Amino acid sequence: MEKTWNNKAWFMVLPVLVLVAFSAVIPLMTVVNYSVQDTFGNNEFFWAGTDWFIQVLQSDRFWDALTRNLIFSGIILAIEIPLGILIALNMPKTGLGVPVCLVLMSLPLLIPWNVVGTIWQVFGRVDIGLLGYTLDAIGIPYNYVNNVFDAWVTLIVMDIWHWTSLVVLLCYAGLVSIPDAYYQAAKIDGASRWAVFRYIQLPKMKRVLLIAFLLRFMDSFMIYTEPFVVTGGGPGNATTFLSIDLVKTAIGQFDLGPAAALSLIYFLIILLLSWIFYTVMTNSDAQS
Amino acid sequence: MARINLDHIRHAYGPNPTKPSDYSLKEVHHEWNDGGAYALLGPSGCGKTTLLNIISGLLQPSEGKILFDGKDVTNLSTQERNIAQVFQFPVIYDTMTVYDNLAFPLRNRKVPENEVDRRVTEILEMIGLSDRAKKKAQGLTADQKQKISLGRGLVRSDVSAILFDEPLTVIDPHMKWVLRSQLKRLHKQFGFTMVYVTHDQTEALTFADKVVVMYDGEIVQIGTPAELFEKPKHTFVGYFIGSPGMNVLPAKIDGSSVDLDGQKVALSFAPKIAAGAKTELGIRPEFVRLGREGMPVSISKVEDIGRQKIVRATFANRPIAIVVHEDGEIPAAPKITFDPAAINIYADSWRVGGEA
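Protein sequences, first through last, are from chains S and V. For the first sequence, position 89 (counting from the first letter as 1) is numbered 89 according to my numbering, and the numbering increases by one without interruption. Each number in my numbering corresponds to the 1-based position in the second sequence with 1000 added.
You may find that some hints are simply not true.
Only pairs whose alpha carbons sit at most 27 Å apart, straight line, appear in this in silico BS3-like list of lysine-lysine [unchecked claim]:
#1 V:K1231 to S:K206
#2 V:K1231 to V:K1184
#3 S:K187 to V:K1110
Please keep in mind that the hints were generated in silico from the structure rather than gathered at the bench. Values in this document were obtained by computation on a predicted structure and should not be read as measured data.
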C-alpha cells in the first residue's frame, strides 16, 4: 500500500523540538562550546581543541573525585537496595498501617535537598546537634568537620535516611501486585520463607528493582547539594565529589574551559554506566 | 489419597456471627469418598471457594471439624494436610525451569534427589511436557502453565486430595475440552480424590461423578449429573442446571391434582405439603410436548440452536421454554402436555417427591 506523506506532521512535533532545544540542546551545546575554547573574558575566544579534555583526564583531582563518587554510589546502593527490600517486605499489606507507613516513608522524599543537608549538618554538630552531642557525651569521638571517616559516615547515613524510602516504595508497589494465589501455592508446595522470597517475591520485584537501582545510581553519582551543605567537600578534599569539584572549577576558579570539559566527561560517564547497568539487567531478564 | 469428612462446618468472615445470614458458608455436613471426583457448582459468591479453602486449610472454619481418613485436621496447616491445589490463574515460578517447578514441592520436603528425578520425570510424562523439561516456565502458554500447577500437586506421592479452583477460566475453549478429558483420564488411572470448583455446569457435569450444587452458602443438592437433571431437589438446581433451565410455575395443589392458573394437570402421586407453603411445579423444557392437544400456549419466539429449537411461549400467564427437535412441527394453534414422569413439585423451593 502507498504510504501517505504528510508534512503537516512536522508542525505537531515542533513544540516539543523547541522545548527540548531550549531545555537541553542549546545549554548542552554552550557547554560543548566552552569545552573546546579558551577565554579570558571580553567575549574573546581562542580555539583549544581537546586540550581541556586532556588536562582534565590527566589530573589527579579528576580521578580522585571519580573514585570517591564510585565508592559513595557503591556503598549507598549496597545498603539502600537490600534495606529497602527488607523494609518493603515487612510493611503491612492491609489495614490502617498501610497509609501510615506510606506517609512516613514518603516524608524524607518530600524534603528539599538543601534542607536535608542543613538538618544533618545541625544534627551532627558536636556543640548543639542532637547526634553529635549525644555521641560526644557517651564518649564516642565524632566530628564530621575534621575527621574523614566521620564525614563519610555522616554523608552515607544521611543519604540512606533520605533515599531508602524511594527503594521501599518501589519495592512495595512490586510486592502488592503479587496475587495471593502465589503465596497460597507456595504454602501448599511447602516453600520456606526464603524460598518464597527467592522464587516469588524477588522475580516479581525485578522490574521495579531495576528502576530503583538506576535512579539511585544516577542520583547518588550526581550528588551535590547535601555534601556541599554538610561538609563543603572537606575535610580537605575527602568528600569532594565530581559535582563539587566541577562547581569549584567553574565558579570558584572561573576555569570555564576545564569545567565544561569536566561536565561533558561527567555526563558521558553517567550515561555510559546507566546504559551498561540497564543492558546487563534487562539482558538477564530476557534470557530467563 | 483420603476420605474427607466435613463435620458440621460453618464459616463466617466477620467476627461473632449470630444469625444465619452472617455465615458465608452455612452448615455443611458431608463425606467425600476416597478417590471420588466431585464438582462444586454454583454461581459466584455462593461459598464454593470458601468451602474449598477450608478443605485445603488456607481458611480455618468458624465452626466444625474436618477429618481426613478419620483424623482431625482442622488445626493443621495446608502443608501438614498434604493437599494439592490448582488455582484459577496458573501459578508458576517464573525463574525456574519446568523441571524445577515440578521438583520444587519435593525439594522443599527434602526428598532425596534421585527420588525427585524419578517422580518429576513420571509427572512430566503424565502431563505431556517432557520435551520442555529444561525450558523456563515463563514462556509457556496458559494451558501448559496450568498443567505445571497441576503437576506440582501430582508430584507428591502422598497428597490427600487435589483441589481445583476454577482452573480452566483462562484456558481457550478448545483446550478446555482437552484438559478436562486429560484430567478425567488421570483420575481414572490414578484414583485421586478430586474436588473441582466451577460455575460452569458443562465443566461440572462432564468432570465429576458427583456434583455438589451450592446456592447462597448452602449445599442444595449432591448428586450424579442425571439426578440433578431429572430430580432437582431445589428450584435453584432446576434453574441452574440445564440450558435453558427448568420451567418453574406457581401451582395450587389439591391431592394429586395441580392447578396452574386455571389449567389442570394430574399427578401420579399426591405430594404431602405443609399448610401455607408456596407450591410450584417444575418441568424441564425437554419434557414439555408441543402438539395439537393439551393446554393452550401462545408462542412468542423460536430460537434455533442447531439440533434443537427452543420455543419461548406464554403458558398460564407465565413464560415457559419448550425444547423441540429440529424437525419438530410447531402447529398453528399450539398446545402442550407435560410428561407425567418428569413433573417435580416444590414446596417452598424444595422438592416434595411422591416416590421418596
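Does the alpha-carbon distance linking S:K187 and V:K1110 stay inside the 27 Å limit? holds, 15 Å
Please verify whether V:K1231 and V:K1184 have alpha carbons no more than 27 Å apart. Holds - the C-alpha atoms of V:K1184 and V:K1231 are around 25 Å apart, at most 27 Å.
If you draw a straight line from the CA of V:K1231 to the CA of S:K206, is it 27 Å or shorter? violated, 55 Å
Going through the hint list in order, the structure does not satisfy hint 1, though it satisfies all others.
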